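4 protein chains.
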Amino acid sequence: MQGRKLTNGFMLSRVGVKGVKKPVQVNRGDRTVTLICTIDVFVDLPSDQKGSHLSRNLEVISDVVDQCLSAPVSGLEDLAATISVNLLKRHEYATYSESIITAEYFLERTVPSGRKTMESYKLMAMAVDRQGNGLKKMIGVEIIGMTACPCAMETVRDLQKGNLRNRDEFVPNITHNQRNVTTILMEVPENFTVEANDLIEIAEKSFSSPTFEILKRAEEAQVVILAHENPKFVEDVVRANLTRILEKYGDLPDDTTVTVRSESQESIHKHNAFAERVTTLGELKGND
Amino acid sequence: MQGRKLTNGFMLSRVGVKGVKKPVQVNRGDRTVTLICTIDVFVDLPSDQKGSHLSRNLEVISDVVDQCLSAPVSGLEDLAATISVNLLKRHEYATYSESIITAEYFLERTVPSGRKTMESYKLMAMAVDRQGNGLKKMIGVEIIGMTACPCAMETVRDLQKGNLRNRDEFVPNITHNQRNVTTILMEVPENFTVEANDLIEIAEKSFSSPTFEILKRAEEAQVVILAHENPKFVEDVVRANLTRILEKYGDLPDDTTVTVRSESQESIHKHNAFAERVTTLGELKGND
Amino acid sequence: MQGRKLTNGFMLSRVGVKGVKKPVQVNRGDRTVTLICTIDVFVDLPSDQKGSHLSRNLEVISDVVDQCLSAPVSGLEDLAATISVNLLKRHEYATYSESIITAEYFLERTVPSGRKTMESYKLMAMAVDRQGNGLKKMIGVEIIGMTACPCAMETVRDLQKGNLRNRDEFVPNITHNQRNVTTILMEVPENFTVEANDLIEIAEKSFSSPTFEILKRAEEAQVVILAHENPKFVEDVVRANLTRILEKYGDLPDDTTVTVRSESQESIHKHNAFAERVTTLGELKGND
Amino acid sequence: MQGRKLTNGFMLSRVGVKGVKKPVQVNRGDRTVTLICTIDVFVDLPSDQKGSHLSRNLEVISDVVDQCLSAPVSGLEDLAATISVNLLKRHEYATYSESIITAEYFLERTVPSGRKTMESYKLMAMAVDRQGNGLKKMIGVEIIGMTACPCAMETVRDLQKGNLRNRDEFVPNITHNQRNVTTILMEVPENFTVEANDLIEIAEKSFSSPTFEILKRAEEAQVVILAHENPKFVEDVVRANLTRILEKYGDLPDDTTVTVRSESQESIHKHNAFAERVTTLGELKGND
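Protein chains in written order, with the working numbering: chain A, 1 to 288; chain B, 1 to 288; chain C, 1 to 288; chain D, 1 to 288.
No wet-lab data here; the hints were simulated from the structure. One or more hints might be untrue.
Part of the chain B face toward chain D, derived, beta carbon under 8 Å [what the hints assert, rightly or not]: (1) M11; (2) S13; (3) L69; (4) P72; (5) S74; (6) H176; (7) N177; (8) L215; (9) I225; (10) L226; (11) S267.
Covered stretches of chain B (in silico footprint by chain A; criterion: 3 or more residues with CB under 8 Å from a CB of chain A, positions within the stretch not fixed) [said to hold, decoys possible]: (12) 28–34; (13) 116–123; (14) 247–255.
All of these numbers come straight from a predicted model, not from anything done at the bench. Cβ coordinates follow ideal geometry from the N, Cα and C atoms, glycine included.
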């Protein structure tokens, strides 16, 4: 029935399925990890066809994921790319395909004192295939960190000037600090590699401080001191990420797209503060 | 501190606040209703300025919402527009402003038997102001309805042909049906009006059947029969909405943007089916 | 069909509907406010009856809410109580009824500098009616505030002793602080009144500092200083609430149930800290 | 600081951390699977102690999860139990400990046509340890399935009696059907085993039909027909689960607690239908 011809239909931009859950085997350096993925896939639909064959989407996902059992993919963006390419093959009427994958992810980190911990992150990957127009892959990460407000720190210091004279240089002052969620989404151009682990490292260096699952007393103080020595607005966090992305990926093509978002769950407000840059490496190189 | 000059900064696309909650007085025909709004607002930030003055965003929202107490706005898109215009005024460094508002909404409907009920919906409004480039307003609705699958209905009928010969004309056959969430987001060009109530009516006519809070036994059967007499894929739901939007708003300018989305919480799967069209009235008039 | 007799059924503890949305008129002192309520209602079902008449639940809700148009209730717990009583009347087979209502709520507050703002909260109400065993009403609030960690503050001070000698008395030291969500749920015994506004005031006084929608620079500093002068664990927040509840409601019967929960969205961790007390006023009076 | 003595404190029922994420190795028959777990843990706190040592909670979780690398647990309830036991050991002041674990889970199923698919579920586990009062373990599952309404089916048939005479026996009539989420939470008494896989099988047999990720046309019709041959209210779903639980676990002690919940995302309404039984095997054996 989906294949039936329509005479007065409209084309549809995206038709597909959302929220398909799959365990996927992924190669991370020397080990294979299992990622529990949530997958959305779409293709376009011409105006003269009644419906898209949705079951084919599930078959494509299932086939591609099964292949990972014998040959684990090296990254979720490659998995997304393979799914998108196969979506176009299976939906012969489609000229556009899109797949979006998200998954929880874990990485070993080192707390300021040198102890190892396991921290949790979110991975995102996306691939768009346009018939005759090439494949575009994206890899992304969502990272939780900490921001300390530089403005309140300065205002508090000003208010306490009488008490605090001559101490400005060495006493980082009190301020509000909070949980921040930063997202980096970056295109992976053909013949180039962008490692999610590197994006996580970039993001964690761009907070006032990264956060950790277990902190003993002295380590907790170290994190607090680090955050107060690096007070940052959400705007600063986004810019610090952009600077590091430019340093790390300056060799990638100018039209490589980059999105950085940072959202602070303000401790002094009930709402969140937010900053975002949607750009290309070329624009960033132009120092804009 | 936010106003400080930077020499090697990057411009930021959007800086602002998310999740501000406000009760707003809105004029709906002859009565004033209270909408509990969740509001996000953003402006851009030039590369040479350290931070955006976030507290100004809250002041703008608060001022504009307070004005509604004495002069209720006629629609959320007008509220969003006023906020966006004032954001640009208050952030003198900004060239772009954006505001997004969502709210629960209630409307009296009539069940097939003629009884009145109160049904719940979600309203969305958005306004973008670009310095020297005009203001763009959007109004949107999110509506819950019901879809019955035409494909399974046909397959079941084929399977039961022996039993059901000669009855095809008058017996709508069994199929899976489910809760569907449809979203319409439409630009409101200057000097034109797009009523959220009309969009809700368009969406409810485009399901297999609308849904209702209270259904007595016979009414429940009527809804079930109506849905089975109008079996629809998510693709069909989106196209039915596009057809009605074109009929109702054919007089609006060709560049008026329209997005229609439909997501079915499939009763036979654990995942959802999804269809979307992002377009303009001009493209729709071209029957594409 | 629901009324049919079963011979080998099981009784069911709760059967009903969840997520019914309704605008409700409520009397708050001298004004009538509209609350957008989400309502769940349940009754029990005897083992020998096939089904509960779910449409009656919707009729009860609708009737009771409609009555609020002419005679607004004074509190959501009264609305919940009226619904629960009517549920038992309409479901003649039921011996237990329960209704739960939640709603966004707004209240004028005063920032430390004396300026007025409008802050958002969540209200909860619950009523259980047991045939022949009386009606029990609960009112609750969910409030966002700020906590500053006393332990990290002390550790930082210890680490910096060399630098900070003699300053301990007047310099609150840096620490991590964060958004905290506190919930109070309290029984309202017959012939007594518990005002949601009072519970909000109790909770806001029990944080390190309340939070505000709009803060000008100096006000932001005042909030930060206040929070650092009142460093609190989640444990401290719960106990501070219990102390104030006991002061305010010591005259209520000993078997009045009270639950206080506090959850801090830790700025130095990706997980939350949590503390809870489920108790009665009698136990609290016994200083346990 | 947490260990400091208080003179007028209140005891706290539960103090701990929520939302800790961990990959865990679990033995499922002949293979080891990775479950991405979200973990909440709590202990009580005496009235004379200022705070609970929250970092110990993280150390306990981390230690116990690390042990799974060399010796995978056989079930999440055993993991929860080991965590709860160790929480009491590490918090020497505590008399109560509680741990709650949830995880996505996948299982191979067979569609009506005999083809194999991989379906997704949610696991839950819980363990409470009371000093001197023994350990209590719970295992639970959350399963998505399909319900078809028996009442609307009958009403439709009655309405169409003229047309449908003599066909009642073999034509299941049209009705509304929808996605249903059923939860079973069951105690695992000492020396007994309750397999999550068995609970999933019980739940899937208790729907009108289980649901599947991939369904080819004929299989889709089979699922639709199966659902219409087994029309069920949420009440029926809960009772069918209770019946199967009693059959399977009748040998377990009478005081074994069982909770079954079923929630239907009604296709004809915007709200959900819900039924629940909280009980013990003993009560069920008494046919109540």
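Now for the hints, and whether the structure bears them out:
1. M11: violated (35 Å)
2. S13: Violated - the Cβ of S13/B stays beyond 8 Å from chain D, reaching only about 31 Å at its closest.
3. L69: violated (31 Å)
4. P72: violated (27 Å)
5. S74: violated (26 Å)
6. H176: Hint holds; H176/B Cβ to chain D Cβ min 5 Å, cut 8 Å.
7. N177: holds (5 Å)
8. L215: holds (6 Å)
9. I225: holds (6 Å)
10. L226: With Cβ-Cβ at 10 Å, over 8 Å, it is violated.
11. S267: holds (5 Å)
12. 28–34: Violated, because only 0 residues of the segment 28–34 of chain B bring their Cβ atoms closer than 8 Å to Cβ atoms of chain A.
13. 116–123: Not satisfied, violated; 0 residues make the cut.
14. 247–255: Violated: only 0 residues of the segment 247–255 of chain B have a Cβ under 8 Å from chain A.
In this structure, the hints that do not hold are numbers 1, 2, 3, 4, 5, 10, 12, 13, 14, in rising order.
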